[in-house]
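Build the complex: two chains, separate frames, hints provided.
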Amino acid sequence: MAVCLLAAAFLQTTLSRYNPWLGYIDWLLLVAVYASSLRDPVLALLTATAAGALYDSLSGGVPIGVNGIAKVLATYLAYWVSSKIVAENLLVSILNVAGASVVNTLVSLAFYRMLKFTYLPPLSGGNATLAAVAMGVLANLTVSIPLYFLLDRVFKGGGLRSRRSEAMRMRRR
Amino acid sequence: MSFKIKTKKNPTVLLAILLVAHMGVISLNRVQGLSARGDERYAQVWLMAALAPFQWATAKTVGTISGLWHNYFSLRDSRLENDRLRAELAERGADLTRISDELKLAGQAQALSEWQAAQKAPTVAARVIARDADQWFNTVVIDRGTLAGVAKDHPVVTPEGLVGRVVDAAPNAARVLLMTDERHGAGAIIGQLAESRLLGVVEGRNHQLCEMKIVSTLEKVEPGETVITSGQDGIYPRGLIIGRVRRIEGGAEASPLAVEVEPAAPLAKLDLVAVLKVSKAQTRGPVDQLLDQEKERERQTKPARSRRR
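Residue numbers (the working numbering), protein chains in the order written: chain A, 1 to 173; chain B, 1 to 309.
Keep in mind that the hints were calculated from the coordinates and are not lab data. Among the clues, some could well be false.
[To be verified] Stretch-level coverage of chain B by chain A, calculated; a stretch enters the list once three of its residues show a Cβ under 8 Å from a Cβ in chain A:
1. 9–19
2. 81–87
3. 141–150
4. 166–178
5. 220–234
[Unchecked claim] Quick look at which bits of chain A chain B covers, simulated, 3 or more residues with Cβ under 8 Å:
6. 9–16
7. 31–43
8. 118–132
9. 140–153
Remember, it's a predicted structure, so these values are computed and weren't measured experimentally. Yeah, the Cβ is synthetic: ideal placement off N, Cα and C, and Gly gets one too.
Only chain B is shown next, with the shape it has when bound in the complex (with noise of 0.2 Å):
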C-alpha cells in the first residue's frame, strides 16, 4: 500500500510528521549563530522579491485612482499643492533643527564636517507596496532593493521624521522594520543636540506610541518636547527626527524613568518614503570621533588641574 493511500486512512500520521518537521524548522531558526548571520531568511528574501512587482502594481493602481479622486474631485489641485507645502514645512523644520545644531557644533569642526557628509548621504525614493502578513508585526515592504544601492540597516525617513530600518534587502524590494515594532530600538536625545545630556534608547511597543528608556535623569523632561536620534546606535545618523514627549511615566518630572514618544512620520499611512544609504561606519564615525575630542580635551584639562592643585 503506497504512502498516499495510508495517510489518507490514517492522516493522523501525516500530522505527527508534519508536526515534527515544523518543531524542526522552528528549532533551526533559532540556533545561536545561525540567525545571527540572516542566512535563513533567503526564503523571505526571494518570495518577497516575487511578490514585490503584484503589490507594486497595486499600490500604484490603488494610489493612482485615489489620486484622481481626491486630485480632481475632492479638492482639485489645493490639496496637491497644500501636501507639497506641509511636505516642504516638516523639511525647512527638520532643515532648521539641524542648522541650529550644526551651529552649536560649530567648534568640532571635523567632526561636523563628517556629520554633514553623513547628512549629505544618497538617498532613494521608495514607495510602500505591502505590509506585515501577521497584523500583530510592524513591518512594511518597499519597492526599492539592492539594485537601487539599499542594504539591511539603512534608515528610512519621511520629510516628517524617522520611519525604521532595512531588515531584509531583495533585489526589487527591501522590508522595513517600523520604529514601533518591539524588535526596534535607537539612540535617542530630548531636546537639542549639542545642549542636551537627556540620552536613552527608543523602543517600540507594537502600538502607535514608544517608549524612551531614559539613561541621565538629571534634566527635566517637558511634554512636546522634540526627540531625535543621537547616533550613538551605529545605524541612525544624528539629528533625524523621532518623536515628539506624549508622557513622562514612571516617576516624577526630573526624575522620569520611561517616556512616551509619538513618532512623527505619519507610520500608518506611510507611502512614499526615502531610503538614507548611509554605512555603519558613516554613522558611527562621527560619534567615535566626538568621543575621542571628549576624551583628549579631559585628558588635556587634566594635567592642567592637577597642576593647579
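Okay, chain A solo, but in the shape it has when bound (with noise of 0.2 Å):
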C-alpha cells in the first residue's frame, strides 16, 4: 500500500504539467478508497491519513492536516458503504468513489475557506463549488475503474481473504 501510495503522489504532481484537466483526479484520495474496499478499518484509516500526508506535503502552503482530515473522512465513508453492502461490484465502487469524492472536495474546500483562501476558483462563488464538485467526481469515477481493476490484480489474495473471513464470521454469528 505505502508503494501504491508513492506511485499516486508521483502522479499527482506529474501529470497536470501535461493537461491541467489531469489534475482534477485525486491519485491518493483513489488508493485510500481502494483500501477500505479490502475491509480493513485501521489499514483503510492509516492508509488516508498518510494520502493526505503526502498530499499537503507535496502542495505548496497548505498546513500538513487539512487533506488529511477530508481524506479520513472520506474514506471512512467509503468503509463505512463496504461494511454494510456485502456483494462487491462496480456499482458499489461507484458508489463509494462518488460519495469519497463529494466528502473530500467539500471539507477540503471549506477550510480552505477558514484558511482565508479568498480566490480560489471553486470558491469564487454561484455554481464554482458545484463544478468542481462536479468535475472531480467524474475524473475520479473514469480513472477509478481501470485503476480498481489493475490494484486488484495485485491485492487479490488479501482482498479475497479478508472477504472470506468476513464472510465466514458473518455466517458464524
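Structure representation (C-alpha cells):
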C-alpha cells in the first residue's frame, strides 16, 4: 500500500503538468478508497492519513492535516458503505468513489475558506463549487475503474482472503 | 483485547483519534512564530527531494519524446530555430527596457552601478518537473536546489518575464510560488522606471491574470502598457518584466483602483526557467540608496528654497 501511495503521489504532481484537466484526479484519494474496500478499517484509515499527509506535503503552502481530515472522513464513509453492503461489484465501487470524492472536495474547500483563501476558483461563488465537485467526481470515477482493476490484481489474494473471512464471520454469527 | 482488534470492531474510535490528531497538527502549523520561521516545512522539503529524481526523469523523457515529435516529424528544424529566435527576441526586448532605464538613471551613477551588479547576478537554469498536488494552488517544482545555490526568496524568470519566487528549497529541488497564486505579491511600476509614478503591488488571483493595486493615481494608465518590478519589495530586482496591462477596473482611466495584469511569462506551459541568485541585500540595496539620495537632494533643496523666501 505504501508503494501505491508513493506512485499516486508521483502521478498527482506530474500528470497535471501536461494537461490541467488531469489535475481533477485525486490519485491519493483513490488509493485510500481502494484500501477501504479491503474491509480493514485500521488499514483504510491509516492509508487515508498517509495519503492526506502526502497530499499536503506536495502542495505548497497548505498546512499539513487539512487534506488528511478530508481524506480520513471520505475513506471512513467509503468503509462504512463497504461494510454495510456485502456484495462486491462495480456499482458499489462507483458509489464509494463518488461519495468519497464529494466529501473530500467539500471538506477541503471548507478548510481553504477557513484559511482565508478567497480567490480559489471553486470558492468564487455561483456554481463554481458545484462544478468543482462534479468535475472531481467525474474524473475520479473515470480513472477508478481501470485503476481498481489493476489494484485488484495486485491485492487479489489479500482482498479475497479478507472478504472470505468476513463472510465466514457473518455465517458464524 | 488488543487495540487493533478493538478498532476493527469499532473504527469510530480510531476515526475520532485521527481527527483530533489532524486538528492538532493543523493548529501547530498555525501557531504564530512557528510558521514564520518555516520550521514545520521540513516534511514538505524532504518529500519534494525524494520525489524530484522520478519527476525529473519523467519530465526529461516526456520532453525528449515531445521534442523528437516536434523537431523531426512536425516542423523539423524550423521550430527549433523559431523558438530560439523568439527567445532571443524576448531577451532583446528585456535588454532594451533595461538599457533605456539605465540611460534614464545615468545621473545616479552609484545606484545604477549597484543595480547593474544586481542584474548581473549569477543565474541557474532549471527545468520544471512537477506542479502542485492541489490543482487550485499555483506552485511548481524545479530540478535545482540548494546544491546549485538556489535559496528561499530567489526570483525565478523566463526570457519573457517574471515567473515567481522560491518558497522551499531542498538539496536537489525547489518549490516556486507562481505570481498568479493569491499568496504572491510583488512591488511593481507601470511604464518606464525613471518616468512613471504609477507604483503598486501586483498580486495573484489564482487564475491566469494578476491584479495590481495602484498606490498613486495621478497618471493615466492605458491597456497594453508594460508592468515591471519596482524593487521595493526587497525580493525582486528592479526592471523585471511582469506583464502587460489588460484591463483597468473600478473607476475612470485617470483614477484606476485596480488594474488587471496579464503575465508575460507563459506560466501554464513552463518548461525551462532561470533562478536569479540575488540576496535581499543586493535587491534592496540600490533602492535604499536611491531613497537616501532622494532624501539628500530634498534636504539640499529645502534650505535653498527657504533662503529664497
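* Do three or more residues from the segment 31–43 of chain A put their C-beta atoms closer than 8 Å to C-beta atoms of chain B? -> holds (count 3)
* Asked: If you look at each residue in the segment 118–132 of chain A, do at least three have a Cβ nearer than 8 Å to any Cβ of chain B?
  -> Satisfied; 5 residues make the cut.
* 8 Å C-beta criterion, at least three residues: is the segment 141–150 of chain B covered by chain A -> It is violated: at least three residues are needed, and the segment 141–150 of chain B offers just 1 whose Cβ sits closer than 8 Å to chain A.
* Confirm or reject the coverage of the segment 9–19 of chain B by chain A under the rule of 3 or more residues with a beta carbon closer than 8 Å to the chain's beta carbons. => Since 5 is at least three, the answer is holds.
* Count the residues of the segment 166–178 of chain B whose CB lies closer than 8 Å to any CB of chain A, then report whether that count reaches three. => Since 4 is at least three, the answer is holds.
* To do: Closer than 8 Å, Cβ to Cβ, for at least three residues: run that test on the segment 140–153 of chain A against chain B and report holds or violated.
  => Coverage by chain B is violated for the segment 140–153 of chain A (0 residues, Cβ < 8 Å).
* To do: Please count how many residues of the segment 9–16 of chain A have a CB within 8 Å of a CB from chain B and say whether that reaches 3.
  => Since three or more residues must qualify, the claim that chain B covers the segment 9–16 of chain A holds, with 6 doing so at under 8 Å.
* Per-stretch coverage check for the segment 220–234 of chain B, three Cβ contacts closer than 8 Å to chain A -> violated (count 0)
* Asked: Taking a Cβ-Cβ distance under 8 Å as contact, does the segment 81–87 of chain B have three or more residues in contact with chain A?
  -> Per the Cβ count (0), the hint is violated.
In this structure, the hints that do not hold are numbers 2, 3, 5 and 9, in rising order.
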